[in-house]
Each structure stands twice: as structure tokens, then as C-alpha cells.
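Residue numbers (this note's numbering), protein chains in the order written: chain A, 1 to 77; chain B, 1 to 120; chain C, 1 to 497.
What the hints contain is simulated information worked out from the structure, not anything from laboratory work.
Honestly, I wouldn't trust all of these hints.
[Stated by the list, open to error] In silico SDA-like cross-links for lysine to any residue, where the CA-CA straight-line distance does not exceed 25 Å:
no.	chain 1	residue 1	chain 2	residue 2
1	B	Lys115	C	Glu115
2	B	Lys115	B	Ile103
3	B	Lys108	C	Gly159
4	C	Lys458	C	Val470
5	C	Lys30	C	Glu115
6	C	Lys30	C	Asn20
7	C	Lys118	C	Lys175
8	C	Lys456	C	Leu473
9	C	Lys175	C	Ile245
10	B	Lys116	C	Lys118
11	C	Lys175	A	Leu18
12	A	Lys71	B	Leu27
13	B	Lys116	A	Arg73
14	C	Lys175	A	Ala54
[As the list claims (entries may be wrong)] Here chain B is said to cover these stretches of chain A; the calculated rule only asks that three of the stretch's residues, wherever they fall, bring their Cβ under 8 Å from a Cβ of chain B:
no.	stretch
15	1-7
16	12-21
17	38-44
18	56-62
19	65-75
[What the hints assert, rightly or not] Taking beta-carbon pairs under 8 Å as the criterion, some of the chain B residues facing chain C (in silico):
no.	residue
20	Met83
21	Ile90
22	Ala96
23	Val97
24	Ile102
25	Leu105
Glycine included, C-beta positions come from ideal geometry on N, C-alpha and C.
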Amino acid sequence: MIEYILMITAVLGALMALIQRDLLKSAILTGIPGASIAFLYQYLMAPDVALTQAIVGSAIIPVFFALAVYKTRRTEE
Amino acid sequence: MIIDVQLASFFTAAALIALGLFAALFLDNLIKKVIGLAFIGDGVNLFLVTLGFKPGGIVYIFLPGMSADTFAQSASYPLPYAMVLTSIVIGASTLAVMLGIIIMLYKKHGTISSKKILDD
Amino acid sequence: MNPLIPIMVILPITCALLLNLIHTKERSVKILAIIVGIALPVIPLLANYGIHYFGGYSPLIDNPQMAQGLPDMITQSALNLFHPAITYSFTSAQKIFVFILGLIAFLAIFTSLSEIKKASGVYAFLMFMGTAAVTAILLSDDIFNLYVFFEIAALSQVGIILASRTEKSYETALKYLFLGSIAAPMLLLGIGFLLGLTGNVNITDIIYSINTGLVDPQNPVLLLACGLIFFGWLYGSGLPPFHSIKSAVYSKALPHGAALLQAFSVFTFVGLGIIILRIFSFLPFTQVAIIVVSLLAMVLGITMALMQSDFKRMIGYLAVGELGYIGIGLGLGTALGITAGLFQAVNEAIITAFIFIGFGTILYKTGITDTNKLGGLMVENPKVALLVMLSGFAMAGVPPFNAFQSKLQLVQASITAGLPELGIIMVLLSIVTFMTFMKAFYTIYLRPKPSELEIKNKEIPWATIISLVVLLLICLILGLFPHIVTGQLEQLAQGLI
């Protein structure tokens, strides 16, 4: 059951990240699909991939985006 | 459930790839485009992991005391998982390079709209 | 076991990492880069033909010790033949390709070290990294290993453009990287489909599975995989629809960088193209698709080149157009055609590097790339002008240069394959190439010098002249004795039919 919830949050989180006007919000929201996919990997029998994805997808990539937004501009024109 | 986990996971991967492609091709903001590209990578990785997954199987780690036959029959296929590890890291590094270039472009043009920057 | 095979990839990577560490020390950067640069073309000449298994895990059939005591389920099935390790295969064709790539890399690095005032370790780092990646693409028999190096090659190409610091280089780099981040996951998806069908990433094993019926060859998923890998191939080599971004990439790099970048494209084209032919040649329309894309590349590339006023952009489009000749050779599907196509690939890599470095002297002397603002450079340095003219003759296929031989073979192959129309188009486009080149040559060298043109008072470095002469000599040698290359390439071509 929990797998299906994770799949739905992954897709919804991706959609949410793309429809935000505020880029900082969308940068932080990219962590949601990243983290859900990391949990999903755990349920798909891939613990080592899940660890990597948890670090890269839910921490490093959102931070990269947030830094880029911080260095550029916060709103879409 | 109506569909099994593996099939649902394939659909999730397809949805992520489609969302990412849409964002990369049609959104104007460069950072949004990069977010879309990150989702394409995620989708492809999820697809590969799902390929190796065996419903009702066990993790591909050979624990002491396990019989070789059970392991061979029920472990999930580890090759795609090893590939995904590499692919995640490659994706993250490409992303960092792209964001770096975007920051440089913002310093030069003062905007992150792809129409204003990339069209000649 | 042949230790020199992995060294071909490991040495440039190690050197690249070292150069990055010592990038501020100008003198040591130069010495290290030149020593490793000389080693690059020498290693493939010394190495013996063979197959290298990383980690030493050879297939069970070659390794009876390991096979002892394993159940029949493994030793009696196809698993006995499969390759468990990442495999690099080094044959006579690879020897030629890696040698030419190494030579161009050496000349490009050699020229860049003398033309750039302050030698930068980072620039040489990117060049070595790209060379290593493309060498691995040529050698690798493992399709996932190929994907990894495909990505590294794309990133180092972007790096070379960024490090060139030309006008608008960042915009082009970002566009190229965007397209790359769409194309590379598509390639990975295609590899995933192949993996899902055959359970393998080793190309020899995939072919074995398809040919012996372990996998249904008519499976529609194979079609999808073929399409996705084909898309990655289009991106990697700059065929349409990527021809305009690829030519922009060439024009944003410095001339010596562009000379290397086009060699990357040519050899990525050859490496991935051979793999597509090996795996998917049983699908009837693969060869048709290759021919159609190549024709488009030829027509679009060469006609777009006619319209450019920027000479770097013009050569960029010509380079893309010339790729089409290789593709037609591969797409014909006969032994003669494939040999001619591969021979054309070798020639094109050399000649385009020759042209890029040759025209680079103009940029070095004037700092201008717009042909409308140039003129009268013949008086400045007639020797270099002569070299540049010969490079253009070589590209258009004037005898006795090498492209004449390969284009002649291509026309012959297309006639024997029953497609004489292709031969006519190729001859016509060669004439257009010649025209385009002569137009640029006339405006830059022969017409009277515009009054506002300032020529910098610095000598063209001797390293550049040496590179040009070496490339000219190779063009002449291959043109006079084509069998030294075609003889080596024939084996591969026979294996592909």
C-alpha cells in the first residue's frame, strides 16, 4: 500500500515543484519527489540505491537549486 | 490493488519522464527547465530499478546461512541497481554544471528567462 | 591479458586529474601535457590486439578453474558464454581510430599550449578527459560503460567551450548541455530496454541472445530501444536535428579546441554507429534510417555552410555535413560501403582538424572571424595560406589527398549497392563543399585587404606550423597508400554484415 502512496507523492511533488511561481519554493519542493523515490527504492529491494538517492535526491539537489535561486532571482518573470 | 507494484512503478517513471520533458521543452524559466531535466533523470533511474525488481523477492545481498538456490531464485537482479548508482551521481554533477552556467548567465544578462538569453 | 588496452583510457584520465591539481604551475603543466600527449598515439601502436576483462573475470568457457563445481544449470547454458566483466576489445580497426584520435589530441594540445599565452591546466584537463572518454567509447564492448563515457564526453565538450571564453560561449554551452540532459537519459532508457529484454549490457552477449533466439527478434520493445539509442547517437555526433547546435559548439570553441571537438564527434559517430549496426542490423529499416539521417546531414550541413559569413561557423557546418558521408557508407550495409565509410571517418577527423587549426592562424593574427571584414592575408604569410588551401582541397576530395580515395570508394560502393543516386548526390555536394571553401579562401586571402583591418604583429607559433605539416603529411600518405588503413578496417566491416 505504502508504495502506491509514495508513487503518488513523487508525481504530485514533481507537479507542485513545476507550478510554483516562487522559485525558492519549487527548489525546496524538488526534495519531495527525491525523497519519495528514495523510499520507493527501499521498497523495490534496493537499499544501497535508496541511500544514495536519499542523500543526493532529497538533500544535495534541492540545496543546489536553492543556491542557484539565491544567486539569481527568486521570482519568475 | 488493481495493478501490481512493478507496473505502477513503471507508470510513475513514465509520468516523471513526461513531466520532465514537458518542463524542459515548454517552460520559459531556466531553473524550471533544469528541475524538469532532474525529473527526467529520476524517472529513468526509477525505470531501471523497477526492471531489476522481482515481486515477492529478497534483497540481492548474500547473507551467511542462505542457500545458494534460494538466493538465485528469489533475489532481485542487481545489475540495473549498480547502474543506477552511477547514473544518479552523473545526473547530479551535470545538474551542478548547468546551474553554475545559469548563475554566470544571470550575472551577464540580469535575467533567467530562456527566451531572452538563448534566442539569438 | 593485455595491460596496454586499459592504459589507453586510464593514462589520459590520470594525466587530466594531475593537470587539474597542478594547474597553476605553468611549466610543469606544459611538460606533463606534452609527454602524455606523445604517449597517446604511441600506445595503440604498441598494444597487441586482444580483449581486456576488467577485474580479470573472463567468461566461464575461458576459465575452467572457475567453472569447476558449478551446477549444470550454469555451465550448460548460455551463461557459460556471457561476459561477467566490463570488456574492452581492441582490434585492428580500433587501433587506427585510437591512433588517429590520439594524434589529433596531441596536436590540438600541442598547438593550444603554444598559442595560449598563459598555459592553463584546466583546458588541457578537459581535452585529456574528452580524449579518454571517446577512446573508451571506441573500445568498450559494454553498453553501460559506453553511456558513462558518453556523459563524460558531453561534459568535457561543454567544459572546452566554457574554457574558451569566446563571445556567447556560455549560452551555447548551456543549450548543448540541455539537449544533452534530454538525449543522455533517452540513451540510458534504450539501454534499460535492452537490459530488460536480454538481461545483459555486454554487446556481444546481446547479439548472441538475439541471434540464437533467446530473445524474440520481432519484439516491439527492441524497436523502441533502437529508436532511443539512435536518438542518443544523433545527439552525440551532431546529426540533424542537432546539426545547428553542434556547429555552434565548434564555432564557440577556440580553433584547436574545435579541432579536437570534431574528432570527438566523428569517433562518437563511428563508435555508436558500429554498435547500432551490430545490434540492430537485422531490423530492415535501421540502414534506411541511417542513410536518411546522413543525407539530411549532408544536404543541410553543406548548404548551411554556404550561407555563413563567419568562417568558424562555416567549417562547423561543413564538418557536420561531412559526417553524412560516413553515415552513407555505414548505411549501405555492404562490406565495401562500410570500409569506405570508416575510411572516410578517419580522413574526415584528420582533414577537419587540419582546416580548423589552419583557419585558427587567421584568428590568431587578426582576432576576427567574420569573412566580410577580412582580406589580403596572402601577403602576410603565403606558406600558411598554401597549407590552408591544401586543407580545403583535401576536404573537397581533390586527388592525391585521402578524402579523394574514400569518396571514390563511397561512390563505387553506392553504385555496386544499387543506389547510384547517392553517388551522384555525394559528388555534387563535394563540388559545393569545394565552392564554399574557395569562396571563404578568396575573401580571406586573395581579395584586397580592407583598410580598417588590423593585423597583429606576432609570429604564428612554430608548433602550429608543425601540426599543420604533420596533418598534411598524413593526408598525403593516406591518399597515396590507402590500403594501409582500408586493409585494417576491412575486418571490422566484414564482421558487421
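### 25 Å Cα cutoff - pair Lys175 (chain C), Ala54 (chain A)
Roughly 29 Å between the alpha carbons, so the hint for Lys175 (chain C) and Ala54 (chain A) is violated.
### Query
Is the straight-line distance between the alpha-carbon of Lys30 (chain C) and that of Asn20 (chain C) 25 Å or less?
Holds, at about 12 Å.
### Query
Taking the closest Cβ pair, is Leu105 (chain B) under 8 Å from chain C?
holds (5 Å)
### Task
Quickly compare the C-alpha distance for Lys116 (chain B) and Lys118 (chain C) to 25 Å and report which way the hint goes.
Violated, at about 34 Å.
### Query
Are there three or more residues in the stretch 1-7 of chain A whose C-beta lies closer than 8 Å to some C-beta of chain B?
holds (count 4)
#### Entry: Pair hint outcome, Lys115 (chain B) versus Glu115 (chain C) [Cα-Cα no greater than 25 Å]
Between Lys115 (chain B) and Glu115 (chain C) the Cα gap is close to 36 Å, so the pair fails against 25 Å, i.e. violated.
### Query
Any CB of chain C closer than 8 Å to the CB of Ala96 (chain B)?
violated (10 Å)
### Query
Does the alpha-carbon distance linking Lys175 (chain C) and Ile245 (chain C) stay inside the 25 Å limit?
Measuring from Cα to Cα gives roughly 8 Å; hence the hint holds.
### Straight-line alpha-carbon gap Lys456 (chain C) to Leu473 (chain C), limit 25 Å
Violated. Lys456 (chain C) to Leu473 (chain C) sits at ~29 Å, over the 25 Å cutoff.
### Query
At a Cβ distance under 8 Å, does chain B reach at least three residues of the stretch 56-62 of chain A?
Coverage by chain B holds here, the residue count being 4 at a Cβ distance below 8 Å.
### Message
Quick check: do three or more residues in the stretch 38-44 of chain A have a beta carbon closer than 8 Å to a beta carbon of chain B?
### Response
holds (count 4)
### Task
Verify the coverage statement for the stretch 65-75 of chain A against chain B, using a C-beta to C-beta distance below 8 Å and requiring 3 or more qualifying residues.
holds (count 7)
In summary, the structure is inconsistent with hints 1, 7, 8, 10, 14, 22 from the numbered list given earlier, while agreeing with the others.
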